[in-house]
Amino acid sequence: MSGVERWAVQRAAGSRLGWRIGFPRLYLAGALSVLGGLLLWELASRFVVANALFLAAPSQIFAAIAALAKSGELWQHMSISAIEFAIGYAIASLLGVIIGFAMAESAVMKRVLQPWISGLYATPTIALAPLFILWLGIGIWSKVLVVIFLVLFPVTINTEAGLRTTSERLIEMLRSFGATPRQIFFKVSLPSAVPFILAGLKLGIGRGLIGVVVAELFGSRAGLGRLIAQSADAFNMPDLFAGVIVLAAAGIALTAGFGWLENRLVPWTKD
Amino acid sequence: MAPKLQISRLGKSFGELQALRDINLAIERGEFIAVVGPSGCGKTTFLRIVAGLEPASSGEVELDGRAVKRPGGDRGFVFQTDNLLPWRTVFANAIIGREVAGRVGPAERRRTLELLKLVGLEGFENYHPRQLSGGMRQRVNLARALAIDPQVLLMDEPFSSLDAQTREIMQTELMRIWEAGRKTVLFVTHQIDEAVFLADRVLVFARRPGRLRESVAIELARPRTLAIKRTAEFVRYVDHIWRLIEDDVRASVIEEKV
Ligand SMILES: Nc1ncnc2c1ncn2[C@@H]1O[C@H](COP(=O)(O)OP(=O)(O)OP(=O)(O)O)[C@@H](O)[C@H]1O
Ligand SMILES: [Mg+2]
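Sequence lines, in order, name chains A and B.
With the working numbering as the guide, the letters of the first sequence map in order to residues 1 to 271.
With the working numbering as the guide, the letters of the second sequence map in order to residues 1 to 258.
In isolation and in its complexed conformation, chain A is listed as follows (with noise of 0.2 Å):
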C-alpha cells in the first residue's frame, strides 16, 4: 500500500469516527437551546405575561397533552391528521415524480405543463381549502386535496430538475460503453435524480402539515386542526398550545427520519 492509500484509508476511518463522537455533541446543543427556550418560556408565562388568556406556560402546556392522551382525545384527533396527510402525501409524491420523469423525458410534456407546475407551486393553494370543503365536504377527502395541491410541486419540480441536470459527462461515460438510452436512465439518470427528488419530498413535508392544519381549521369534525380552533373558540390557551405543539414534534421527527433516510440513501452528497 503506498503512502497515498494509507492516507485514503486514514481518511475514510476518520470521517466515519468523527462522525460517532461528533453526533452526541450537536445532539446536546440542540437539547440545551431547546430546554433553555422552554425555561425563559416557562418564567415569561409565569412572571410577565400572567393572563392565561394569552400566554400558556410549558408546564400547562404539558400537563394538558397529558389529559389529552388520557382521555383518549389526542389521539383520536392526531390518528385523523396522520390519515389525511399520509394519503395526501402518498399521492402526492406518486403522481410528482411520475409527471416530474414525463416532463424531463418528454419536451412537449414539459412546454404544456410547466406554466401550470410554475404557476401553481407559487400560488397559495391552501387559499382554496373553503373551496375543497365545499366540493368534497369536511371529511378527510378535502384535506387530503390540499395536501395533493401543496407536496405535488416541489416533488415535480425537483423530479425534473434532478433528471434534467445529470452530468453531462456521466452520460458520455457510460455511452462510450455503447449503453441504450434506457440503460443510461437507469443507471446514471435516475440515482443522480435521488437527491433531488428526495429534497422536494422533505419540502413537501412541511408543507402538507400545514395544509392539513389549516384545512382543518377551514372545517372538519376532527384532527389536530379541530383541536387548535375549538380551543381557540373556548379560550383554552393550554390545549391550542398541546396542538401546536404536537405538530411541531411531528414536523420535527417526519423531517429528522427524513434526514437519516438521505443519509442512508445518498451518502454522497453529504460531503
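No wet-lab data here; the hints were simulated from the structure.
No residue lacks a Cβ here, since even glycine has one placed at the ideal position from N, Cα and C.
Don't take each hint at face value.
Not everything, but these chain B residues come out facing chain A in the computed CB check (under 7 Å) [to be verified]:
1) A51
2) A67
3) P71
4) G72
5) N83
6) G97
Listing some non-contacts, in silico: residues in chain B with all C-beta distances to chain A over 12 Å [claimed, not checked]:
7) K4
8) Q6
9) G40
10) D64
11) R88
12) R110
13) L113
14) H128
15) P209
16) V216
17) I218
18) P223
19) T225
20) R236
21) V238
22) R243
Go by the hints and put chain B with the ligands onto chain A.
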C-alpha cells in the same frame, strides 16, 4: 498484416470551425501512440471520433477494416476527469462496462477483481469514490476501461489532474500494464516528456485547422524506466517535439494578429 486502426482523410467541422482536416494514419496492433499538440488543435475531438462518440464530417476511421460508427466494446475510453458514479463502489464502477454489455457472470467479476489488483486497488473494492485520492480514482477510471477487455484503449489526458509525483508513478504503472497486455493505445497528453516516455510513436498535431503535422517514431528500448528521462536521446526527442509545437504556437499568435 492489416493495421488495427486505419484513419483516412478524416475531417471534422463544428459549423464554421474546422476542428480537424485531412488526417491520414495507420496504427498497428499493439502500438502505443501518443498525441500532443497545442490547446484546441482537436486532440479530444480526434479521440472522440475514434471512440464513436462524435461523428466525422468527412473521411473515416476503420477498426480491423470495419468503419467505426458508434461506441463499442472493442474500444475503452479513459476520461480526463474520472467520471466515476459517486453512488457506486470501486468494484461496481469498474464493472459497469460489462453491465452495459449485459454480461456479468462469475468470470467477469473475477476479471474485474484481477484488474483492480493490477491497477493497485486490491482491498479498496468496496470503497466509494469520495473515499479515494485523485490518483486512485484515475486507477479506477483505467480499470473500468480495461474491464471490457477492449482492443484499443483511448486515453484523453488521464493524468493531467494529478500531481507530478503521482503522475510519474502512474506512467510507470501504465507501462507495466501495457507490457502485460499489449493493447493498442491512443494517449493524448500535454506533457511532451510523458508522450516520449510512453509511446512508440508521437503524433504532433497543429492547430487551425487541426491536422497531423508530424509523426515522430520513438526508438527507445523497452522496458523503459524513469531513469531514461535523463538520457541525451530522450531529451533530443523532447526538444524536437517541443520545437514543432513552439513553431505552431508562434504561427497561431501571428495568425491572431492579422
Ligand atoms: N461540441 C463542440 N461544438 C463546437 N465546437 C467544438 C466542440 N468540441 C470541440 N470544439 C472545438 O473544436 C476545437 C478542438 O477542440 P478539442 O477539444 O478537440 O481540442 P483539444 O486539442 O482537445 O484541446 P485541449 O488540449 O485544450 O484539450 C476547439 O476549437 C473547440 O472549441
Ligand atoms: Mg482535449
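Problem - Numbers of unmet hints, in rising order - result: Failing hints, ascending: 2, 11, 14.
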